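There are 4 protein chains.
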Amino acid sequence: MTISRQSPAKLNNGKRPPGRPRSENARQAILRSTLKLLRKTGFEQLSIEAIAANAGVGKATVYRWWPSKGALVVDAFALSTEDELHFPDSGSVYRDMAFQMNRFLGVLRSPRGCIVRAILGAGQSDRELLEEFRKRLLRPRRQEAYETLRRGIERGELPRNLDLDLVLDTLYGAMYMRFLIRHDELSEDYVSAVCRMVLQGAAHQASSQRHGGAKTNGNAVRRHNAKVL
Amino acid sequence: MTISRQSPAKLNNGKRPPGRPRSENARQAILRSTLKLLRKTGFEQLSIEAIAANAGVGKATVYRWWPSKGALVVDAFALSTEDELHFPDSGSVYRDMAFQMNRFLGVLRSPRGCIVRAILGAGQSDRELLEEFRKRLLRPRRQEAYETLRRGIERGELPRNLDLDLVLDTLYGAMYMRFLIRHDELSEDYVSAVCRMVLQGAAHQASSQRHGGAKTNGNAVRRHNAKVL
Amino acid sequence: MTISRQSPAKLNNGKRPPGRPRSENARQAILRSTLKLLRKTGFEQLSIEAIAANAGVGKATVYRWWPSKGALVVDAFALSTEDELHFPDSGSVYRDMAFQMNRFLGVLRSPRGCIVRAILGAGQSDRELLEEFRKRLLRPRRQEAYETLRRGIERGELPRNLDLDLVLDTLYGAMYMRFLIRHDELSEDYVSAVCRMVLQGAAHQASSQRHGGAKTNGNAVRRHNAKVL
Amino acid sequence: MTISRQSPAKLNNGKRPPGRPRSENARQAILRSTLKLLRKTGFEQLSIEAIAANAGVGKATVYRWWPSKGALVVDAFALSTEDELHFPDSGSVYRDMAFQMNRFLGVLRSPRGCIVRAILGAGQSDRELLEEFRKRLLRPRRQEAYETLRRGIERGELPRNLDLDLVLDTLYGAMYMRFLIRHDELSEDYVSAVCRMVLQGAAHQASSQRHGGAKTNGNAVRRHNAKVL
DNA sequence: AGATAAGCGAGACGGTACGTCCCGTCTTCTG
DNA sequence: CAGAAGACGGGACGTACCGTCTCGCTTATCT
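Chains as they are written, first to last, in our numbering: chain H, 22 to 250; chain Y, 22 to 250; chain F, 22 to 250; chain C, 22 to 250.
What the hints contain is simulated information worked out from the structure, not anything from laboratory work. Just so you know, these numbers come straight off a predicted model, no measurement behind them. Some clues are possibly wrong.
Identical copies go unnamed one by one, so any copy, or any two together, can satisfy a pair.
As the list claims (entries may be wrong) - Here are the simulated SDA-like cross-link-like pairs (lysine to any residue), alpha carbons at most 20 Å apart as the crow flies: (1) K80 x E105; (2) K61 x E149; (3) K61 x S146; (4) K80 x E70; (5) K156 x R203; (6) K80 x R203; (7) K57 x W86; (8) K57 x E45; (9) K61 x L129; (10) K156 x T102; (11) K80 x A50; (12) K57 x G177; (13) K57 x Y167; (14) K57 x L129; (15) K61 x R148; (16) K61 x D147; (17) K61 x S113; (18) K80 x R155; (19) K156 x D205; (20) K80 x G112; (21) K57 x E149; (22) K57 x L159; (23) K57 x E165.
Taking the hints into account, I'd like the entire structure generated from these sequences.
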């Protein structure tokens, strides 16, 4: 899946649409050039003009399939990060989360990190771009994260009625904050410590329903305390 | 204090420099137009050309005093920010932190929120701008936050050897994440729940030295459990 | 006759070639759309893209049969032109010429006039197009005009050795000039006055051989003076 | 005078307008490049992009002062033809007209001829361009031509009440026709013969008031007959 | 009847130039 | 000498068409 505009093909009950089909060569050349130039010049200096020229492609071909520079960058980034951010199932919430967070950390500290920075930076003044980021990058991982936490709940490591988004935003928020504001080191130790602390807090937490719904269930907390780490 | 260039006056051992002095009218008109247009169009669309035109000022006058659009925006934001983000001392870490975080939430949800967004967005591709943000907005609050947490430690609500930055980045990271990625509601309830959970985790945490120093001290955790909320 | 490329049929000694034959519907739709859009937007704004879209035809179908926009326009104009520009034989050079010139005037002032304008305009930078215009529109009339003038010479209204092209270019040049430069009204009165004046001049003219050959023959002039108008 | 947009200076009661004044260097470089490229590539292929590049000037500087390619071309051409098409005063209408028409012929047959062709060609689908041509090139000469003919009338070579435009359009129309339609040679002899014939006709003409108003005054004609050539 | 062949619509392709916007610099006159 | 005004060289924008191409489909003739 990609965020680029869909070829009409898919909309036409599986039949090929009329007209010359989209060029796979052009698509890949564009995405490749985007990643290449993005690393070289950064998001701000990156111009569609340069991408098209570098890919040996008409500017119109870029605009035909991607509505904006941002969408193109998100698409290129997502394709380059496809399958390295999945969650394992080790039988321990802490191990599963810490593992994935460290993989994510690896991406953020690699050259691709500056692409994430670019997307979120530009996304602050481009709602569509940010939505693309969420749709392509955030939500798919989030679905897996839900499963990971639910497994922990089943195992009794975490209390029932836990607000999963609360936990996940706290975990990843701690990473994003150091990544985006750059006021302190974003290290493996930091990530592990965040994970440990937040899961500890989640395990002892009772009032975990969305936005402070049913506030307590104090017993549950104590029951799970010992297991979480 | 401002990050705009200094009028030559200051460089000349206190004596007024020769020539016409800098126009205070122009300075304020520029800052006012910046805030106005920033709210209307966002940082990306904001052009120096438009600011100058709106302020009835020559473009060169803007360039004479501010090195970049970002510097101008930070300067303008500082103008509009009062001392409303201080920490109280209520005798409870949770109450103190929750209070300040809710005040901060108020700023983020006010029209000024979009300026924070603009600064952090543009800061992703402008190191100086981001450093300006940290120096003028982040660090002063952080100093106060340290004090608040230390008081909690003194009172026994939190363990000694707690990594204060870890706690604070986790608390505020959860806010920044929803603020910047906008995938979910950033509400008072959310902020309170984050605060509760993280402080709970911090209280039960032993391995709190910077970057995973001494890993345990399990007793400390249990001792403080009851008090933290 | 048309300047569009010929269907291969004609080249194959009368036998139909294999393959699907050229679509007469498409051909007419294209020519109709060309005339329609030409009147609406003028030659410069006219795009093959628009013609094809308006005719409900693929662009390639246009390019298959016409080598250029100009050729298409001349072809379309020929479609719309009937045999309404012939010369009468009334026994008077003035009456014959004035009649035909006024018929021509009628065409120029009708909606078809703008097509003539378009052809001559585009012809200034397209030699083939201009040659097409001369071959299909100018020369056939010119032949008839020669006959008309010769009859006048036979009748003694005009001198022998008259440079017929000189006279005709002067007559029609006066029309074309106001038609193309549009600096003054191109009216029936104007056309009649031009015709009267030029024929008056031609009648009194002796040095009429091509490009100023034998310069005089003054007697001839005076002899025909009274009759010409 | 030029057809380019006027610097606001002229509109401000002679006072200099505020702001940086228009660059004379840029203006001349643009006009020079226009003429140069026009000769090399023709009007159709001529692009503003290329003119700006060749002149070492920003595209916006061209658009700031000339509304269209055509206006720029007319301006450049007019400046290059400033002072060579004036009418002499030799005491003979024929000599004066024939002289100027031959000078005009010289321009049309020089490399600049293709510029005239380009202007009139493009003017067929660009009313403003054609108006520029009339304003800058046609009318100034026409004013002088009126004077030339009036002197002839004063001298008795031509009848009073002569429709001057009728005569001039017939004279120049004959030139323009061969120049634009290119069906026959446009030579000095041709021009002279046209001039002779038309003036002969004008001299014998009585019904010369605009658009065939008062139709006769037959005596006048004969009286001037002998003198005209 | 099937093979072969060309025309057809649709529309994507690599390009070129468009006319606009804004950049950051400059050049002028005014206060 | 700061400021307003605004022209300057430059560069990217997103659009419109160019003329070519690749599809699947249709319509014919020729086995």
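The hints, checked one at a time:
1. For the identical chains of this complex, K80 and E105 are neighbours neither inside a copy (32 Å) nor across copies (46 Å), given an alpha-carbon limit of 20 Å.
2. In this assembly of identical chains, K61 and E149 lie within 20 Å of each other by CA distance solely across copies; the values are 17 Å between and 25 Å within a copy.
3. For a Cα distance limit of 20 Å, the shortest separation of K61 from S146 across copies, 12 Å, qualifies, whereas the shortest one inside one copy, 22 Å, does not.
4. For the homomeric pair K80 and E70, the shortest alpha-carbon distances inside one copy (6 Å) and between copies (18 Å) are both at most 20 Å.
5. Proximity of K156 to R203 under the C-alpha cut-off of 20 Å is restricted to the inter-copy arrangement: shortest distance 12 Å between copies versus 25 Å within a copy.
6. Within a single copy, K80 and R203 get their C-alpha atoms no closer than 35 Å, and across copies no closer than 32 Å, so neither meets the 20 Å cut-off.
7. Taking the shortest alpha-carbon separations for K57 and W86, only the intra-copy value of 19 Å comes in at or below 20 Å, while the best inter-copy value is 33 Å.
8. With identical chains, the CA atoms of K57 and E45 are at most 20 Å apart within one copy only, with a shortest distance of 18 Å there and 39 Å across copies.
9. Proximity of K61 to L129 under the C-alpha cut-off of 20 Å is restricted to the intra-copy arrangement: shortest distance 16 Å within a copy versus 32 Å between copies.
10. Taking identical chains as interchangeable, the C-alpha atoms of K156 and T102 lie at most 20 Å apart only when both belong to the same chain, with a minimum of 14 Å there against 34 Å between chains.
11. When the C-alpha separation of K80 and A50 is checked against a cutoff of 20 Å, the pair qualifies only within one copy, where the shortest distance is 13 Å, while the shortest distance between copies is 27 Å.
12. Within a single copy, K57 and G177 get their C-alpha atoms no closer than 46 Å, and across copies no closer than 53 Å, so neither meets the 20 Å cut-off.
13. In this homomeric assembly, K57 and Y167 never come within 20 Å of each other (Cα to Cα): the closest approach is 34 Å inside a single copy and 42 Å across copies.
14. Proximity of K57 to L129 under the C-alpha cut-off of 20 Å is restricted to the intra-copy arrangement: shortest distance 17 Å within a copy versus 35 Å between copies.
15. Proximity of K61 and R148 under a CA criterion of 20 Å is satisfied inter-copy only: 15 Å between copies versus 25 Å inside one chain copy.
16. Taking the shortest alpha-carbon separations for K61 and D147, only the inter-copy value of 14 Å comes in at or below 20 Å, while the best intra-copy value is 22 Å.
17. In this homomeric assembly, K61 and S113 never come within 20 Å of each other (Cα to Cα): the closest approach is 40 Å inside a single copy and 48 Å across copies.
18. Neither within a single protomer nor between protomers do K80 and R155 lie at most 20 Å apart by alpha-carbon distance, with minima of 27 Å and 38 Å respectively.
19. Only between protomers do K156 and D205 lie at most 20 Å apart by alpha-carbon distance; the minimum there is 13 Å, versus 29 Å within a single protomer.
20. When the C-alpha separation of K80 and G112 is checked against a cutoff of 20 Å, the pair qualifies neither within a copy, at 50 Å, nor between copies, at 63 Å.
21. For a Cα distance limit of 20 Å, the shortest separation of K57 from E149 qualifies neither inside one copy, at 23 Å, nor across copies, at 23 Å.
22. Taking the shortest alpha-carbon separations for K57 and L159, neither the intra-copy value of 23 Å nor the inter-copy value of 33 Å comes in at or below 20 Å.
23. For the identical chains of this complex, K57 and E165 are neighbours neither inside a copy (30 Å) nor across copies (42 Å), given an alpha-carbon limit of 20 Å.
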